[in-house]
Amino acid sequence: MIKKNKSAVAAPKKRLPRNLEEWSIWMKRKGAGLFLSILRYALIICIGQIILMPILKMVSATFMSPNEVGNPVSTWIPSEFSIEHLVVAFKLLDYPKAVIYTIATTGLQMILQILSAAITGYSFARIRSKKIQKLFAIVILTIVVPPSVMTLPRYLFFRNFDIFGIITAITGNPINLLGNPVTLYLLDIFGMGLKAGLYIYIFRQFFRGLPRELEEAAHMDGCGFVGTLFRIIMPNAVPGIITVGVLSFVWNWNDTYYANLFVGNKLNLMVKLTSVSGDMQNTLWAIHSKIPGDYYFIHNSVLYQSSILTTCSMLVILPLIVLYMFIQKRFVESASNAGIVG
Amino acid sequence: MENTKKKKKKPSSFYRRQDRWGLIMMSPWLIGTVLFFLYPLVQVIIYSFNDITLELGNVNQTWAGLKNYIYVLRVHATFYQDIISIFAKTVPNTILIIFFSLFAAVLLNGKYKFRGVARVLFFLPIILATDLISVELSTVALSGANDSKVAAEGVSGALMVVNFLIDGVGLPREMISTLLGVISNVFEVIKLSGVQILIFLAGLQSISPSMYEVAKMEGATAYETFWKVTLPTVSPMILTNLVYTITDNLMRTDLVDVIQTTAFGQAQYGYSAAMSVVFLVCTLALVGISVLIVGKVVFYND
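If you read the protein sequences in the order shown, they are chains Z and P. So the first sequence is residues 24 to 365, counted in our numbering. So the second sequence is residues 5 to 306, counted in our numbering.
One chain only, chain Z, in its complex shape:
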C-alpha cells in the first residue's frame, strides 16, 4: 500500500535524480523496467546472433581466397577479398540461367498455389452445408500425413500419366511426365502441392474473418459468385495473399523432395545443388577446363570442396534473401496482423 502511494506521488517528477537518496528511489521505480528491457535486448541480440552467424560465416567463406581457407589467423574476415570461389560456383551451378529458370517455375507454382488455395479456402469459409464442412477434416489430414508416404503411387501415376484412358487410346502409350515441371503444376492446380493444406487453412481462417455483408451487398448489385470472389474478396485478401505467396515461394524454392523426385530437371537450382553436393570431386573436375589458369583450383581437397559448397549454398539462397529484404515489411505486417488466426 505504502509503496503504491510513493510511486503515485513521485510519478509527475521528470528530472533526473540529484543525490544518492533520490537515485535509490529512482532505481526502485524504474529499476525493474530497466532490467527487463536490458534483458529483452540481450535476448534478442543472442537469438539474432544465432540466426545470423551462419549466414555471415557463409558470406565470409565466399569471399575468402582459396589459399587462405583453413588459415587460423583469418577465421572471419579474409585478409584479401577474392572472387575465385564465386567464379567456380557460378560455373558449377550455371548460375544466371538456373536462377532465371527457377524464379520462373517457382513463381508460376506460387501463383497456382495461391489461386487454388484461395478458391478452396473461400469455398470452405462460405459453404453452409454441414456435410461439405465436414470435408475440411480432409484438409487437416493432408497437413498431417507426410507426403513421403504417398511417394510411390504418385510416382507411378506420373510415370504412366493418363486421363481415363484417353491418351492410351490415341497414342497407344501413356505419357511419362517424370522430369517435367508440369507434374508440380498439376499438383498445385489441384490443391495438393507442397504444404497446400496449410495454405487452404490460412485462407479459410482469413475469409471467415471477413464480414458476410460484403458478399450480400455484391449479390444485391447483381454480382455472381465468381465475380464476387475476384472483384470483392480477393482485393480484400491482400494480407492473406502475401503471407501465402511468400511461404509458397520460399518453400517451393527450398524444396528438394518434390523437385528431385518428379522433376529432376538439371536447370532447377535445388536439384543442381543436390547433385553437386552429392559428387563434389567429379563435378569440380568436369569443369576444370573452364576455370582460368591462374586460379587456385584443387578439386580433390576436402577443404576446398566444402568452401565451394558453402559458396554454392550462398548463391542458392541469395535470391530469397534479396526477396525477403524487399518484402519483409509487408510480410511481417500482414502475416502477424491478419494472416493466420487459429
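Keep in mind that a hint or two might mislead.
[Said to hold, decoys possible] The list that follows gives simulated cross-link-like pairs (lysine-lysine, PhoX-like), each with its CA atoms no further than 20 angstroms apart:
#1 Z:289 x Z:120
#2 Z:53 x P:117
#3 Z:53 x P:115
#4 P:220 x P:115
#5 P:300 x P:232
#6 Z:313 x Z:114
#7 Z:352 x P:115
#8 Z:352 x P:117
#9 P:220 x P:232
#10 Z:53 x P:220
#11 Z:114 x Z:289
#12 Z:313 x Z:120
[As the list claims (entries may be wrong)] Reference listing, derived: stretches of chain Z covered by chain P, where coverage requires no fewer than 3 residues with Cβ under 8 angstroms from a Cβ of chain P:
#13 71 to 79
#14 145 to 154
#15 166 to 175
#16 333 to 344
[To be verified] Each pair of labels, with its calculated beta carbon distance range:
#17 Z:103 x P:215: 52 to 62 angstroms
#18 Z:123 x P:176: 50 to 60 angstroms
#19 P:269 x Z:325: 17 to 27 angstroms
#20 Z:279 x P:38: 21 to 31 angstroms
#21 P:215 x Z:48: 24 to 34 angstroms
#22 P:225 x Z:164: 35 to 45 angstroms
By construction, these hints were calculated from the structure, which means they are not laboratory data. Ideal placement from N, C-alpha and C gives every residue a C-beta, glycine not left out.
We have chain Z; now place chain P onto it with these hints.
The following block gives chain P in isolation, referenced to the frame of chain Z:
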C-alpha cells in the same frame, strides 16, 4: 423492380446459390484429393500387403500377407530403432519449439525500439528453411570447416564445465545430460520455429487492448495478466502449432530418406510401402494423442 424481387427471397436463394457455386469452385480440390491423396493412400496400403515389382513402369503385385511388415519390423537392421528414436526426439523437440515460439512471440509483441528489426530477424529462419542448406548452415554454425582448433577448445571447455557441475556441485548426471541435449538443440529449435512464432504473434495481435486495460484496472500484475488473459486467448494457437510442429518435424527426419532409398535405390517397393504405412500410423497416433491431451486445456472464447 428486379432488385426488390431478389431481396424478398434473398436468404434461401442467396445461400443456396453460394453453396452450389462454392462446391463448383471447390471441385478441382476435390478431384485433387481423390486423385493425389486418397487414391495414393489406399494404393500404398494395398502395396504394403503385396510383393511389388516394376517392369517398364507397370506394377506386378502378388499377395504376400504380412510378410512386408514382419520384414520391416523384425528383420530390417535399423528401421525399428529409427522410428523409436525419431519419435523420442520429436516429442521433446516439439515441446521446446512450442515454448520457445510462444516466448519469442511475446517478446516480439511488446513495444520497444528496433522491434521491426527483431521481427525481421526472427522470421529469417522461415526463408532459410531447407534441409540441404540448413545442414550446411548448422555445420558451419557449430564448427566451421576451418576452425576445428577453436571448436576443439570449445568442446574441452564445455567438458570441464560439465565435469565441474557433476563432481564439484554434485548435480545428478541425468539432469546435466538432458540440459546438454537442450542446449545443443538450440540452433535446431530456433531454426524450426519461424512459422510457429508467426502463428502465435497473429494470435497475440488479435487480443483486444481493452482486455489488457480491464486487467490493469483490476490491479493485475504483468505476470497475472499473462496467465489469465494472454495464455487462454492464444491456447487455440497452441493446438494449431502442436499439429504443425509435429508434422513439420517428422517430415524432416531421416526416415523419409530411408523410405525413399528402399523404394528407388534398392527396388524394394513392398518394404517401402510397409515402412510408409508404419510411419503414417505412428504419425497419426502421435498427433491424435497430443491433440487429445492439449485439447482438454484449450480455451475457446466463442
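Each hint tested on the structure:
1. About 11 angstroms separates the Cα atoms of residue 289 of chain Z and residue 120 of chain Z, which keeps this hinted pair within 20 angstroms; it holds.
2. This hinted pair checks out: residue 53 of chain Z and residue 117 of chain P have alpha carbons roughly 18 angstroms apart, not beyond 20 angstroms.
3. Taken as a hint, the residue 53 of chain Z and residue 115 of chain P pair is honoured in the structure, with Cα atoms around 17 angstroms apart against an allowance of 20 angstroms.
4. As the CA atoms of residue 220 of chain P and residue 115 of chain P are separated by approximately 17 angstroms, the hinted pair is consistent with the 20 angstroms bound.
5. Between residue 300 of chain P and residue 232 of chain P, the direct Cα distance comes to roughly 17 angstroms. Compliance with the 20 angstroms bound is thereby established for this hinted pair.
6. Between the alpha carbons of residue 313 of chain Z and residue 114 of chain Z the distance comes to roughly 8 angstroms, so the proposed pair stays at or under 20 angstroms and holds.
7. Of the pairs offered as hints, the one joining residue 352 of chain Z and residue 115 of chain P holds, with about 17 angstroms between alpha carbons and a cut-off of 20 angstroms not exceeded.
8. Proximity of residue 352 of chain Z to residue 117 of chain P is assessed by CA-CA distance (about 16 angstroms); at most 20 angstroms being required, the pair is judged to hold.
9. Taking the CA atoms of residue 220 of chain P and residue 232 of chain P, the gap is near 12 angstroms; set against the 20 angstroms cutoff, the hint holds.
10. A threshold of 20 angstroms between alpha carbons decides the hint, and for residue 53 of chain Z with residue 220 of chain P the separation of about 18 angstroms falls inside it, so the pair holds.
11. Under the criterion of a C-alpha separation no larger than 20 angstroms, the hint pairing residue 114 of chain Z with residue 289 of chain Z is consistent with the structure, at around 14 angstroms.
12. Pair hint residue 313 of chain Z plus residue 120 of chain Z holds up; C-alpha atoms about 17 angstroms apart against a cutoff of 20 angstroms.
13. Given a C-beta distance limit of less than 8 angstroms, the hint that chain P covers the region 71 to 79 of chain Z holds, as 7 residues qualify and 3 suffice.
14. Residues of the region 145 to 154 of chain Z lying with their CB closer than 8 angstroms to a CB of chain P number 7, which satisfies the three-residue condition for coverage.
15. Against chain P, the region 166 to 175 of chain Z contributes 10 residues with a C-beta closer than 8 angstroms to a partner C-beta. That satisfies the three-residue criterion, and the hint holds.
16. Chain P is given as covering the region 333 to 344 of chain Z, and this holds because 6 residues of the stretch bring a CB closer than 8 angstroms to a CB of that chain, at least three being needed.
17. At about 59 angstroms, the beta-carbon gap between residue 103 of chain Z and residue 215 of chain P stays in the expected band of 52 to 62 angstroms.
18. For residue 123 of chain Z paired with residue 176 of chain P, a C-beta distance near 58 angstroms keeps the hint of 50 to 60 angstroms intact.
19. Between residue 269 of chain P and residue 325 of chain Z the beta carbons are some 25 angstroms apart, a value that agrees with the proposed interval 17 to 27 angstroms.
20. A beta carbon spacing of about 27 angstroms between residue 279 of chain Z and residue 38 of chain P agrees with the range 21 to 31 angstroms that was offered as a hint.
21. Between residue 215 of chain P and residue 48 of chain Z the CB atoms are about 32 angstroms apart, so this pair conforms to the stated range of 24 to 34 angstroms.
22. At about 43 angstroms, the beta-carbon gap between residue 225 of chain P and residue 164 of chain Z stays in the expected band of 35 to 45 angstroms.
Hint check: no violations occur; every hint is consistent with the structure.
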